[in-house]
Amino acid sequence: MTNIEKYNEAFIESFGVTEEQLPDLAYQEIPEWDSVGHMQLIAALEDAFDIMFDTDDIIDFSSYEKGKEFMAKYEVEL
Amino acid sequence: MAFWNTLERFGERTALITETGEHITYSALLARADEIAGAAGSRCLAFLMCRNCADAAAGYVGFLRRGIVPVLLAENLDTSMLEGLLESYRPAYFYLPNEKAPDLPGVTAWRGESYTLLHLPYEQDYKLPEELALLLTTSGSTGSPKLVRQSGRNIEANTRSIAEYLGILSEDRAITTLPMQYTYGLSILQSHLSVGAAVILTDKTLMDKEFWALLKEQKATTFGGVPYIYEMLKKLRFDRMNLPSLRYLTQAGGKLPKELAEEFIQTCKRKNMKFIVMYGQTEATARMAYLPWEHAESHAASIGIAIPGGEFWLADPEGAPILEPETTGELVYRGPNVTLGYAENRFDLCKPDENHGELRTGDMAKRDAKGFYYIVGRKKRFLKLFGSRVNLDEVEGLLNRAGIPCACAGVDDRLDVYITDGSLLGQAERFIKEHTAINPNGFQLHVIEEIPRNDSGKVLYSALGARP
Amino acid sequence: MRVLQFATPLLASNMYLLAEKGRGIIIDPYGGFIPQITGECSGIDYILLTHEHYDHISGANALRERYGCPVVCSEACGRRIRNSTHNFSRYYEAYAAIQTGEPLPAGLPPVAECFTYADEVFSGQRTLFWQGHELVLTETPGHSPGSICILADETRLFSGDTLLPGDVTVTRFPGGSGRQYKEIALPYLWELPDETLVYPGHYKAFPLWEHKIKMEE
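Residue numbers (this note's numbering), protein chains in the order written: chain A, 1 to 78; chain B, 1001 to 1468; chain C, 2001 to 2217.
Be a bit skeptical, because a hint or two may be false.
Below 30 Å or equal to it, Euclidean Cα-Cα: the simulated DSSO-like pairs (lysine-lysine) are [as the list claims (entries may be wrong)]:
1. B:Lys-1234 / B:Lys-1204
2. C:Lys-2021 / B:Lys-1433
3. B:Lys-1127 / B:Lys-1204
4. C:Lys-2021 / B:Lys-1379
5. B:Lys-1216 / B:Lys-1269
6. B:Lys-1370 / A:Lys-66
7. B:Lys-1204 / B:Lys-1235
8. B:Lys-1271 / B:Lys-1234
9. B:Lys-1204 / B:Lys-1271
10. B:Lys-1255 / B:Lys-1274
11. A:Lys-6 / B:Lys-1234
12. B:Lys-1216 / B:Lys-1234
13. A:Lys-68 / B:Lys-1370
14. A:Lys-73 / B:Lys-1255
15. B:Lys-1258 / B:Lys-1379
What the hints contain is simulated information worked out from the structure, not anything from laboratory work.
In this text, all values refer to a predicted model and were calculated from it rather than measured experimentally.
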């Protein structure tokens, strides 16, 4: 799987959404992306890319698009 | 080449400095050391009652050079405990302060300004194996303290490693703050001698003016301390003292409370001194880990990394190595400084190497992504009875060997002893009262059907349950 | 046997102290109540963990050291508390900030990484006989792999986060399983008598029948 595919997969698995829904996806926009869902997503991304997020980044990771910036910070090229 | 055999090369350099300011060169030290040991003859066992003075240090060095195995003992050792040790081990010689010599049977083989070498009348009905070099006590509250068997290789390896990671220079001068029979105190003496540095010997404590006067006069560059000493330093307003000669401080013998550690890291930084936290056990000669001073601030709670020549790994509950970071497991150490094992009497002295270079520390720890270790807790079975530490496995062993099969468990202030033979109840109670230092109000005996064990024969302490 | 409840500042999770004849058992340890514990008991015999989440285990090391007693939990719990990702301590500050919905705090507090370990573990079920009482510990995974319920004298249930008043049990945390909850935890709960008093991991105690009614609705 390419990195972008892994990234998308984490969202799809954690929230049960389709690929089409991804670009607009943001925290609390859908019932599945609540605080608990957020932890699921973070855990899935950490697992998929073998990284460990900083606390600030976990809190600031507020949307699918914003998240891509964070991945760059952890040296993951999407 | 063992460092104690190559001290000649330091010739006229100062080896020891006494409380009165006398400087003793390496050649003078060796002359004295070889004279003392020469009076003892060939390889044998010798008790050494320690003081931080030149004669004691010379005796120790002399014994090592001659292949005589010293048992280092505290000066204030309980009389009955000393008698017990003498009976169990029957040393050929006792090297002790002059005032104490008349209390013992024996012939004076050598006498110096402060110390006497006594030849004791015991029959030598036991052997000393080639690799055994030193015996140190472990803290025990059960009346018959175990001795740790250290080999020449253990001492040499650990001493070299310590001198290396501490960066001890031949210009250094350590001032003693700990007794010589304590592994930390001994390692300070040894590591400095091994590089031709000097040791300022004193029995004065940090609470005595004379200690600080000596430190300043003789320009000590370093000293070590257990947590209690750092508490004292704080009370003495160490941060306000003017001690320009000090270059680095070390800390071991327990975990320094977080605030105190942070304080000293900052104080040392301000005074341009290195602060080096260390971790070890007598069972590993002295040291297993150290926190490099440049990481002290960023890794304040860590014990650091393994000393040069050693390595750590973490065991999961099944005993398999934990490969990923940030997970707790039992800390296991491998290295040439892992000692041979214990001894409880003179016949145990010829036991072989039981550890094969690996030591289960009994501490639970985790490793971070950078490879620094952090202690999380203790796994060893012990509890506190009214403040005294009691090792549960030790008590169990004592009773089992006395013919009373049992399992020991319990909680602080209540030791539970489970036996299977009801007819031994009285005997068990008497044994504990007479042969251990356990407070009679601190233990309870229980008779059970059988001691629960798992498939591999290990006692299932959790199944003993706390019966009402 | 007295049951004392202490609400902790960690997402208002509960620590419980069972006290009898001067001895005690702690469920879900938190390190900030030592004076209160000491006021009730002269010693603690067990520290029990209902599950591995940080807000229920934070005081394990401190209390184990203070009282010299073993930390007991299920085998799955024992594995997971050793790792700061599995026990969620690594995410705790972030999760708490997100949960409370407050704007990001100016200076973030240090990460509350928790590394601990169990002294005794069990799988399936384990019974403790203590001071004349019987405590049955049963594995009830679902909220988390290491979740258990503790039933004291057949009348009082310490449910951890497996059963909370009002809320539907959360099984969406990493490691949680809706299937395990349905197949193992729910049947266990359903079997218990209606009058069982439930002491949950968060919020106040309530009788089981209140929840059973809700479940039927």
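Results for each hint:
no. : hint                    : result
1   : B:Lys-1234 / B:Lys-1204 : holds, 18 Å
2   : C:Lys-2021 / B:Lys-1433 : holds, 27 Å
3   : B:Lys-1127 / B:Lys-1204 : violated, 38 Å
4   : C:Lys-2021 / B:Lys-1379 : holds, 28 Å
5   : B:Lys-1216 / B:Lys-1269 : holds, 20 Å
6   : B:Lys-1370 / A:Lys-66   : holds, 29 Å
7   : B:Lys-1204 / B:Lys-1235 : holds, 17 Å
8   : B:Lys-1271 / B:Lys-1234 : holds, 15 Å
9   : B:Lys-1204 / B:Lys-1271 : holds, 24 Å
10  : B:Lys-1255 / B:Lys-1274 : holds, 18 Å
11  : A:Lys-6 / B:Lys-1234    : violated, 55 Å
12  : B:Lys-1216 / B:Lys-1234 : holds, 19 Å
13  : A:Lys-68 / B:Lys-1370   : holds, 26 Å
14  : A:Lys-73 / B:Lys-1255   : violated, 37 Å
15  : B:Lys-1258 / B:Lys-1379 : holds, 21 Å
When the structure is compared with the earlier hints, violations turn up for hints 3, 11 and 14 and for no others.
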